[in-house]
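**Student:** Take each chain as given, in its own frame, and dock them per the hints.
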Amino acid sequence: MRHTCATCAVVALIIAGCGEQGQPGSSTAATPVNLTAYQAKFSLTDEPEGAIGVLAAREKSKTDDTIVVVGRIGGTAKPWIEGRAAFVMADASIVTEETGHCEEGCTDACCAHLKELKGFTALVKIVDEEGRTLPADARQLFAVSERDMVVVRGRAQRDDGGNLTILADGVYVRR
Amino acid sequence: MRLKLLPWEYGVRNLFRRPTRSALTLTGLTTVVLLVLLVVGFIRGLERSLAESGDPQVVLMSALAAGDNLETSSIAARTAPLLSASLAGVQTRNGVKYVSPELYLGTRVELGDGATTMGIVRGVTTSAALVRRQVQITEGAWPAAGELLVGRLASSKLGCDAAALKIGQSVLFEGREWRVCGTFAAAGAAFESEMWCPLADLQQAAKRQDYSLVAVTMKPDASVADATLFCKERVDLELQAVPEVAYYAALQKHYKPVRMLAWIVVILVASAGVFAGLNTMYGAVAGRVRELATLQAVGFRRFAVLASLVQEASLLSVTASLAASALALTLVDGAAVRFTMGAFALRIDSVAVLLGCGSGLMLGVLGAMPPAWKAMRISVVEGIKAI
Chain X
0 MRHTCATCAV
10 VALIIAGCGE
20 QGQPGSSTAA
30 TPVNLTAYQA
40 KFSLTDEPEG
50 AIGVLAAREK
60 SKTDDTIVVV
70 GRIGGTAKPW
80 IEGRAAFVMA
90 DASIVTEETG
100 HCEEGCTDAC
110 CAHLKELKGF
120 TALVKIVDEE
130 GRTLPADARQ
140 LFAVSERDMV
150 VVRGRAQRDD
160 GGNLTILADG
170 VYVRR
Chain W
0 MRLKLLPWEY
10 GVRNLFRRPT
20 RSALTLTGLT
30 TVVLLVLLVV
40 GFIRGLERSL
50 AESGDPQVVL
60 MSALAAGDNL
70 ETSSIAARTA
80 PLLSASLAGV
90 QTRNGVKYVS
100 PELYLGTRVE
110 LGDGATTMGI
120 VRGVTTSAAL
130 VRRQVQITEG
140 AWPAAGELLV
150 GRLASSKLGC
160 DAAALKIGQS
170 VLFEGREWRV
180 CGTFAAAGAA
190 FESEMWCPLA
200 DLQQAAKRQD
210 YSLVAVTMKP
220 DASVADATLF
230 CKERVDLELQ
240 AVPEVAYYAA
250 LQKHYKPVRM
260 LAWIVVILVA
270 SAGVFAGLNT
280 MYGAVAGRVR
290 ELATLQAVGF
300 RRFAVLASLV
310 QEASLLSVTA
320 SLAASALALT
330 LVDGAAVRFT
340 MGAFALRIDS
350 VAVLLGCGSG
360 LMLGVLGAMP
370 PAWKAMRISV
380 VEGIKAI
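Taken in order, these protein sequences are the chains called X and W.
In terms of numbering that gives the first Met the number 0, the first sequence has 66 at position 67, counting the first letter as 1, and numbering is strictly consecutive.
In terms of numbering that gives the first Met the number 0, the second sequence has 39 at position 40, counting the first letter as 1, and numbering is strictly consecutive.
FYI, nobody ran anything at the bench for these hints, they're computed from the structure.
Here are the simulated DSS-like pairs of lysine-lysine, each with C-alpha atoms no more than 27 Å apart in a straight line:
id: 1; chain 1: W; residue 1: Lys218; chain 2: X; residue 2: Lys77
id: 2; chain 1: X; residue 1: Lys59; chain 2: X; residue 2: Lys117
id: 3; chain 1: W; residue 1: Lys384; chain 2: W; residue 2: Lys373
id: 4; chain 1: X; residue 1: Lys77; chain 2: W; residue 2: Lys252
id: 5; chain 1: W; residue 1: Lys373; chain 2: W; residue 2: Lys3
id: 6; chain 1: X; residue 1: Lys61; chain 2: X; residue 2: Lys40
Only chain W is shown next, with the shape it has when bound in the complex (with noise of 0.2 Å):
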């Protein structure tokens, strides 16, 4: 036998019977929906941040001692003629070895305005082109002396204004002014919080003469080992090589428990929102039990009114959730955020629409099966009789 539903058009219908009880549960759904967007965003961009600043051939030669902090570390100036000369199996094209000195600084930042914050200096050389792949200009040149080229979310950094840190502004730092001559973005990595400047430069306003680390580019058939090979036979520089995809992998466990924290949120968002939705279907079905009686009495079977009912707040839950989708994609994708080792962009992508818009779903599926189902267990008489 087969079961008689009711027609599509009658749940689509019903929502706008009542349209001002449908505009709310509406804008209820939607706000769960972007709630748990935005929470997902924000771990999906940290993890973008921290993964595409790897890049898989580059090595980190670093002090031994320094561990993972970059910015504690300190090596001599000679490492980096020394692993030109000496480091098998690195990038090298047209005579130019892919080998970029850095000195890499968290330091006090006076913007133009005199207001002071923290911000993060890479000193490099032109080598860092070769090296740091992911990195383009976007608008002006590459540094000369006392220039700066400034991050696509330095400013989110900085927590100023992105027009403090156009071309031709100038900001102090190291007890120096350095005038920005340019921007640049990384593909999302973490670079683009930075300002980088000439090495040279920096090591004098700095007064070092060592450098933070140096970056080097292996070739596709060389290995990690040939690296840790040169830390090993040269134990007198003391330095240690660092897979760069291995760095920020080590960094990517230092804010697991952020990214669990902003998982129980999305949880806690999310039942929350289930709650809400059984709260506001039970209101809605228990004004509607003559009619669900009056359904059955002519002839649908229960089962098909409960598909009626689900249909209605699945309606609901799905255009909530494209609402909620369309709304984070234009509102909230790429929207910077400050943190610890810079800032990172929120992101909205296949994953977290996907996330959202089954929260969301889910949400209009639980949240109306609980009262439909309690409606369905009256009696046809007494549902007909209630009030």
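So that you can see chain X by itself, here it is in the shape it has in the complex (with noise of 0.2 Å):
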């Protein structure tokens, strides 16, 4: 008995001496998000009307002006970002359904024709009163894929680098 307990506390000696340090935590917090009250808010159901592209708003708007934008969702290599009611859309006369996605791992530096686009490009943020882009995945949010047409209202938000920002109220997606 004595020997069982002196082996036991050897043991969890070992264990507990090579224990790593726990990894830290991703800087992701997980924020639990009410998918389907923001999907009732800021998901449309009908196509808002008067859309224009993307090249376009990015030529005429300026900010605080309310547009609303059609395009296909890309542009880059990775239009999603992470956590976050957001993703990037490109004009549709530049990307189709063909084209503007590169070989699975390559990124926009080493994807020429990506980087050609980026005048053609807007970054769509979902925010809400405040003006905080939602706390929630876009693909999840509006059950979207890279290449989905979509139609967003929201005001637009520009600068000096020429950059367009739509800060979205609402999102259609065109099936």
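**Tutor:** Listed below in structure tokens is the structure:
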């Protein structure tokens, strides 16, 4: 009995001694989100009227303009932002169902034709009343995938680099 | 029926009856365990160096085109103030944002004695001390203009004597002389093999106006997604956001073949040790056939004699494991090893000691079993008659 206890103690000490320090968790905070509530609020059942292409929106819109933009999700190797209701969309005349994507594992840097597309893209952020991007993945929120056609309604935000960000309050997916 | 074992002292005394053979076996086993500890220490040191370098709260903003290679990354100087102003979720204290613009260079360094070698230089501002939380100045002071703060393992990376990088010594790189003003440690992180100098001075010396990267500490409740969002929003800057942990994890992947090779060496060394142990034990047991048969004749069962032989071998292997561990901890632990992206310290930690001692014990037990079993298969009469 005494030997068994001693053996157990030694094994416990060895296991405790070998224990790795817990890997720090990912910096991505796992925030529980109510997808259904977000879907009800931000997913549009009817297509908004007066949609313009991404290229036209980049040319015409100014900060705080209310715009409706149609385009295809893509234009970059990774159009999604993990854990955020945001995605990159590109002008539908440039990115079609057959183009606008890279080989598996390729990035914008190595995919030359995507590098050329940055002047034809806009970032869409689905934001709440306070302007914060929703903490939910856009793919789950709108059941969309790369190269899907979407119509986005929201406010334009421009910067000195000529980039267009759409602070969206509604997204319609063309099926 | 209770099994009657040979007295413990019998096995111990036997070891001293043949001191030369015992000493030789002990030396062989110690060498094998020490080799195992060395190789495991190498693997653990490399892994630790890359693991400790990544801070889970830090995100590295570098050029999209650079991929994983920070040395080739070049981003506009306006990126740092832009990030400070626009990026949500950046850690702030007393109004100071944790944003560290850095210029990271692999460059030719000329030492005081005229020898030249390749070194790693990082141009930093004082905000690096906020973002790089592992870094601690161990001697001297933060570098002023024309000064250099050298990492604990910088001399190993440069392949020079530590005295060449003492405070007050000078080194030459990028066409300029730099005076060493202090040393720093970074809890085993890769920074320890670097030399840090003021960013503006390095930019001037290297005739560059850009940065290699901007390291940003995010608030605990913020996410790398905020940094990625910024990069997707400001596509004109052509930035990518990589969590520092992910960056070093990617480097770990590059070194996977080296680690695999090291593990193969561990297995080969341990196997060689087992065979050497087997050889020794066969010799030891062959010369004791009469003794073992006599023990059986006086009433000890075969298993008891076998257990006594394993006990002798185990005693030797445990002693060898402890001796090798003591040697490794005093002589090997912390010894610097130079490698491509810097230098790291060999690490004899709990895992290394466990593997080393485990191998040692395995050598003893596995090495003793087959010859002991062979001796036990000889009949008592034949054994007693054996010369």
